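Chemist: Mind assembling these two chains? They're in different frames, but the hints should get you there.
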Amino acid sequence: MMNTQKPLFLIIDDEQSLRDGCEQTLEKSGYRVLTAAEGVEGIKIAREGKPDVAFIDLKMPGISGMVVIETLSKDIPDTVLIVITGYATVASAVEATQKGAFDYLPKPFSPDELRAVARRALNHRNLKIETRRLREEKEQMEKGFITFVSHEMRSPLVVIRQYIESLKAITGNRFNKEVADIIGRCSICIQRLERLIEHWLDLSRIENGTFAQKQETLSLSHIIAKCAEEMAPLCEKTAISLEITVPKDQLTIVGDEESLVRVFTNIISNATKYTPPGGKISVSATDDECYVVVSISDTGIGIPHDKIPFIFDPFFRVKGREERHRGSGLGLTYCKKIMDSHCGMICATSKEGEGTTFVLKFPTHFSSTGTASPTPPEIDSYAKLIKDS
Amino acid sequence: MSAKQKILVIDDDKDFLYATRVILETGGYEVFLAENGKTGVEMCKSVTPDLAIIDMMMETWGEGFSVLSKIRATETGKDTPLFILTAVDLQGPYQSFGPPADFPKVNMVLHKPVKADDLLRYVAEAIGHK
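Chains L and A, in that order, are what the protein sequence lines are. To convert, note that position 33 of the first sequence is 36 in our numbering; the numbers rise steadily by one, no gaps. To convert, note that position 114 of the second sequence is 142 in our numbering; the numbers rise steadily by one, no gaps.
Excised from the complex, chain A in its bound form (with noise of 0.2 Å):
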């Protein structure tokens, strides 16, 4: 039997990480958790996780996308898939600004709050399950 499969969550909202890793744990999966930003980009290099979900919207504006640019910045991280979390339209939805072109590349925008049913799937379409 293969090990399971690791995923990583940057989130500064603690209960947030906690309610996140009850649900990824129960989808048997390996969770790893990082309160900030620089935490999770060097959980990152030393996990070497099999998924990503990064908070957009932590302490400091902009933390989650440079967290964003560094992982993918990274030899490990170039091509790990990355979900980004977004609480949900604070001033009109997300469409309605949407990425810069050069924005680094992300799998997946999530809203805050994810359903269990869906957060699952989406890690599951994503690197499959075990």
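In isolation and in its complexed conformation, chain L is listed as follows (with noise of 0.2 Å):
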């Protein structure tokens, strides 16, 4: 951040003397100096100027010194607060830096001390503005690049498909079976980058919390079924045996039910195509006073011991591996970020040429303890007090 005017500091001392050599040598360093000899006047003052630095004095006649640190920091939280004191007790320091003060100077103090917390109150201002401005920058950048992602790149992507579907309904059975074959195999592409611009958008918005999610209390059983229903069509297809081994009408949970449909049915569908024709898929769950437990198993290739640290990474694959289906390689991180937006967790075990288990951890809802809280402590006060130790 680079101030064209230069630094302006406020001194708010009941001492002439005090002020006056402060102001001298500020002055002498190149900065612009304001002074005040009480509180209520130094907040006026610097509610009018906006410094970038202000000293105040804990001991004046009038307000104290902590009550005008106390209103600054909420008026004007980007000017950076100095206590000065007559009496350097780490007690009253550290209820200043509570308050909202960034350090404190003990008096007496030499020009060149004063000098030196100057120079760090500055920087520590500047930083401050310039981390600010930054995460401003790029939560708007991150913004509008969904807003790009989603108009710009889906809207012509949705008219090639058009295309060629009406390019399939032109041909019909006419043209030959190669012409139909290279249109088949665009309009597939073509869907396969629809579905990753898809997925990639909702892993934006569950990163910037505007991916909607209900919090509603559910039925896992209810949802396994309904993902089974929906996977069996593609088991049987690829000669898989699916077996659902979930009590009816318990592991109750509160969550989104569609971002946890398809949380089941990704793992499902992974499962089939790593899994050969005539293996098996099973999905059991167990519930206890704290978690459901959700696992679920095929008798796949498996994936690499040393892989499985991965699997979870946008983009990760297993070299090597034949896919039938290829798929947009953030279904996993999809799955992980939506049990961490449950407060759940999700890990994997495999065993190459055995097959590879999912297992998925909620926390347990009682509707007598309403919901489980995902806030952290209160950890404010105490990272303002360790800051600068």
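Derived from the structure by calculation, the hints contain no laboratory data. Treat the numbers as computed from the prediction; the structure is a model and nothing was measured. Treat the hints with caution; some may be incorrect.
Facing chain L, according to a computed beta carbon distance under 8 Å, are these residues of chain A, among others [as the list claims (entries may be wrong)]:
| # | residue |
| --- | --- |
| 1 | Asp43 |
| 2 | Phe44 |
| 3 | Ile51 |
| 4 | Pro141 |
List time: in silico DSS-like cross-link candidates among lysine-lysine, alpha-carbon distance up to 27 Å [what the hints assert, rightly or not]:
| # | chain 1 | residue 1 | chain 2 | residue 2 |
| --- | --- | --- | --- | --- |
| 5 | A | Lys73 | A | Lys106 |
| 6 | L | Lys229 | L | Lys339 |
| 7 | L | Lys171 | A | Lys34 |
| 8 | A | Lys42 | L | Lys171 |
| 9 | A | Lys32 | A | Lys42 |
| 10 | L | Lys171 | A | Lys73 |
| 11 | L | Lys217 | L | Lys146 |
| 12 | L | Lys240 | A | Lys32 |
| 13 | L | Lys276 | A | Lys143 |
Simulated restraints, written as ranges between beta carbons of each label pair [as the list claims (entries may be wrong)]:
| # | chain 1 | residue 1 | chain 2 | residue 2 | range |
| --- | --- | --- | --- | --- | --- |
| 14 | A | Val134 | L | Asp343 | 34 to 40 Å |
| 15 | A | Gly90 | L | Thr248 | 49 to 55 Å |
| 16 | L | Thr248 | A | Asn135 | 49 to 55 Å |
| 17 | L | Glu292 | A | Gly90 | 48 to 54 Å |
| 18 | L | Pro279 | A | Asp145 | 38 to 44 Å |
| 19 | A | Glu58 | L | Thr248 | 54 to 60 Å |
| 20 | A | Thr114 | L | Leu196 | 16 to 22 Å |
| 21 | L | Lys283 | A | Pro132 | 49 to 55 Å |
The beta carbon of each residue, even a glycine, is placed where N, CA and C say it ideally should be.
Modeler: Have a look at this one:
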């Protein structure tokens, strides 16, 4: 952050000699300086002038420095506040820091000490402003990019697919098989690209918090049954048996049905890709007072042990795999994010040549205890306290 | 031999119009195209199509809806089978914000892109096929 103007300081202290001394020192360093002899006047000047840094004496007639700090840290949070104190007790410094001061300067201090603290305060302010600016910029870019992708990239894809559909309609059975084949392949590629964009958008929305998820009391038994129904044709087609061992109407959790259905269908359809015909996919579930645990096992080719830590990463693929149906590469990443948003866990164990098991763990929901709270405990004040120790 | 059945397609996306026309023509229908809502409503009166397909996501938000209401309000269009087109979930699937109770009657909701076979089948189901 480049300020074209010289940095502005404010000294709030009842001692005339101290104000004068500070003013001279700081002006000599090329800064502009305002002064106030007591708290109320200081607050007024600070609000108007919005100094970069304010030095505030703790002990003054009228309102105390602590009150000034508390007020200014709320009113003008960009101004860095430094406590000047004759009683350099740790307790008062800690209290001032908790109320929003960045540092403290014990009396008496030398001009060099003053300049050093002033420089540090200015740096801190610049970093603070820069950080905020970058964060805002990043959020803005992410939002803009999501909008860009969802509109500008999807619309032409939709049109291309529609054109391919019309090509199919025109050619019908009249053209030779080769032409029809090529059209078919194009169609599949476009659909894959569309799905990739769709999944990528979902992930971005989950990340920036705009992915609409409901918080409903749900029965996982019901969700698993629904998925089993949905996946049955695919399993039949690939000659894989799907076995569901799940208690009826139990396994109560809180979450979003639509995204959970996608989590389960994702994992089951993954299993069908890596399980040879004649194999089996089993889904079982149990619950106790703390967790609902669902396992989905297949008798497939398995995942090499050293690759397991990466399978939830975007676009990760186990090399050398012949895949019958390539996915977007984001399916398991989606599952992981959805599980995170449900305060749950997902992990995999696998043995090459024998099969893979995915275990999904959800916090059990009890109607009497209310929903599990994903909010982390208050750490704000503690973080402030330790940040510059 | 009777005249071909007429289908009016209203969408501000020229490519989509063109592609849809090709599909519908292979199905043996006579196809009329309107590139904006105003023309669409006028053509609906002058052409009196057997079926109209209206894009809900035209340039101005709500244009599709207003076209739908206007067609439904005319004598010629009050019973015409109407299909609406939506882009696949811009924010969650269509079902999650189901149409309000006083929404004009829609015979079918189609998601873009529409498969050629599906489109022809839905049309045939709605108005038969000659």
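Chemist: Among all the numbered hints in the text so far, which are the ones the structure does not match?
Modeler: 10, 12, 16 and 18
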